[in-house]
Amino acid sequence: MKTAQRNTIHHLACDVLDVAKLEGEHFRLRFDAPAIAQSAQPGQFVNVRFPGPIAGPLAFDSYSDLIEYHRANPPAAAPFLLARPFGVHRVGAGGWVEILFKAVGRGTRLLAEAAPGARLDVLGPIGRPFDLAGPPDTAVLVAGGTGVAPLYLLAERLHQAGSKLVVLIGTGYAVPMSLSDSEQAVHFLDEDVTAVADEYAALDALVRIATIEPRKGCLTGTAVDLLSRYLGKLKPGESAGKAIFSCGPWAMQAKVAELARQAAIPCQVLLEERMGCGLGACMACVCKIKQDSGDYKYKRVCVDGPVFRAEDVGWTQRE
Amino acid sequence: MTKPKLSVNLAGLELKNPLIVASGTFGFGEEYINVASFSNDEIGAITLKGTTLEPREGNRPPRVAETASGMLNSIGLHNPGVDALVRDILPRLAAFDTKFIANIAGGTVEEYREVARRLAAGSNPHAARVHAIEVNISCPNVHRGGSEFGTEPAAAADVIGAVREVWAGPLIAKLTPNVGRITLIAEACIEAGADALSLINTLKGMVIDTATRRPVLGGNTGGLSGPAIKPVAIWMVHQVHQLAKKKNVPVIGMGGIATANDALEFIIAGASAFSVGTALFWNPSVCREIIGGIEEYMIRNKIGDVAELVGSLRLN
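As you go down the protein sequences, you meet chains Z and P in turn. The numbering used here puts the first residue of the first sequence at 1, with every later residue one more than the last. The numbering used here puts the first residue of the second sequence at 1, with every later residue one more than the last.
Think of the hints as simulated: they come from the structure by calculation, not from any bench. Computed from a prediction, not measured in an experiment: that's the story for all the values here. It is possible that some hints are incorrect.
To be verified - Per the computed footprint, the stretches of chain Z lying under chain P, defined by three or more beta-carbons under 8 Å from a beta-carbon of chain P, are:
| hint | segment |
| --- | --- |
| 1 | 215 to 225 |
| 2 | 266 to 277 |
| 3 | 280 to 287 |
| 4 | 296 to 304 |
For glycine and all other residues, C-beta sits at the position ideal for the given N, C-alpha and C.
Using the sequences and the hints, build the whole thing.
Now the structure itself:
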């Protein structure tokens, strides 16, 4: 419950600059937020409220004003109240911020349909970022599904810090990035596993992709399968200087944590949980985290995380 | 026109304006200060997260689910215990120019009394930071304590009476709407020594995941808050005010306030002060907007003192 020193969080009305439709109902939304672009650290998130039914005024002088407004602008459905957290995907020198998401519910669909110029209500950057003190010689990034989004900013910063990158991405079938074939074979996979994500490859990363549904150039399997093969080929002593960074579904990250433990490689995980405020006040987004005493206590994913050391997470204590 | 008077005296608690942040929506007073557009110093008072004698881990997640114009929560009084509040948190609150209301809960009458005693001068070296105690007899999310004390007039009186014995400062009873006649509970609390009444706490509810046929919340049921509950709250504030005004006991109104107009409805219904809670979750700038909006309303309607508006409702 101790409140650590935190960064300034900006509450901004931001213009949507662009929404790009990617494979498999994934979308990459860019909005203008210089204050967030300048200060966001890898692993931090932004809380975004959706455009659409809530874009109108929230405060009315009287009920007759409110009724008049709703007659003129009949809401398609009940408006959303709460913001939704999205990991910061990329930031640009021009002051823009990008999030990458899959349109799964009404809220993400509304976001996907946002036109350039639409207003978003944005709070951020929030949360404890990845610990990049003493960057590793080799950083192994493991992404499950849209977990690939926040790992990009991390990859960029690690690349700048001089770390070599291995990026292992697992999805159902669709990959929300542009893909190419690599000519370079990798020692831990068959020769036909050649697909790479261009964005990560541009950072000199060794990238490989696994899909659950068979897909040309991809390993049929999961991100955990990729990691397991990669670690399986490490020779004694080669664990040194490596670190694993992971983001994805809970069950996947639990397996990543276990593989990291067996290989004695430090591992940081970015967790997701249903949030209320995103500011540490409501105590909703908790998960069990090991304390110095050895006991597991509920900690807030939003501000005590979302990044935790894998060995501290109570992976089996969720149910 | 000169600046209208927004300050209020709430049963001895002097507030710079009638806006109080609601317990459970503001942590222990320090969570929002990192937001650039937010300042604790602009708020009338801050109600701290519900505190029990021993630390509590709270309910298992998921702990929130959004509903139509509302939110269901099942936190379960997750808190570090009263001793940690006194030792670790209260000293830091000296940095803020606002008032703090401790919100206390317990599983037995004796636990309520003991938590209050540990907050009072004599056992608490930082007692000057606790400007009032709000007694939570209305939490819907714990099995023992909480709302079971808020649904029976005699039980409510026992808890309020016990706290009254050890706490000399302003004492607020927080009432649950999950009752047949809220005025019966209100009356019992006043008789037992409550200086003020705050209402409403959340309405008990459930959300079901049709794919799994299980409740969405880890705790199965939760408390409904947000704009969805506002009309219920307004009506209850009106009813309780009718009773409490005869005893000069002020009412703190809450339940779904998100705009200045919402807050004004509560004041007109009979609230001397009001609390903002769930709205903070989606709009951390809401306090500033509401205080500014009330001031504008008062200027426009030539009202010099917010007290003139309290209970000014004229029924049709």
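Within 8 Å of chain P's CB atoms, at least three CB atoms from the segment 215 to 225 of chain Z: coverage verdict: Check failed, 0 qualifying residues.
Coverage of the segment 280 to 287 of chain Z by chain P (three or more Cβ within 8 Å): That given contact holds, which follows from 8 residues of the segment 280 to 287 of chain Z lying within Cβ reach (below 8 Å) of chain P.
Whether chain P covers the segment 266 to 277 of chain Z (at least 3 residues having a Cβ closer than 8 Å to its Cβ atoms): holds (count 5)
Coverage criterion applied to the segment 296 to 304 of chain Z (partner chain P; beta-carbon cut 8 Å; 3 residues): holds (count 3)
When the structure is compared with the earlier hints, a violation turns up for hint 1 alone.
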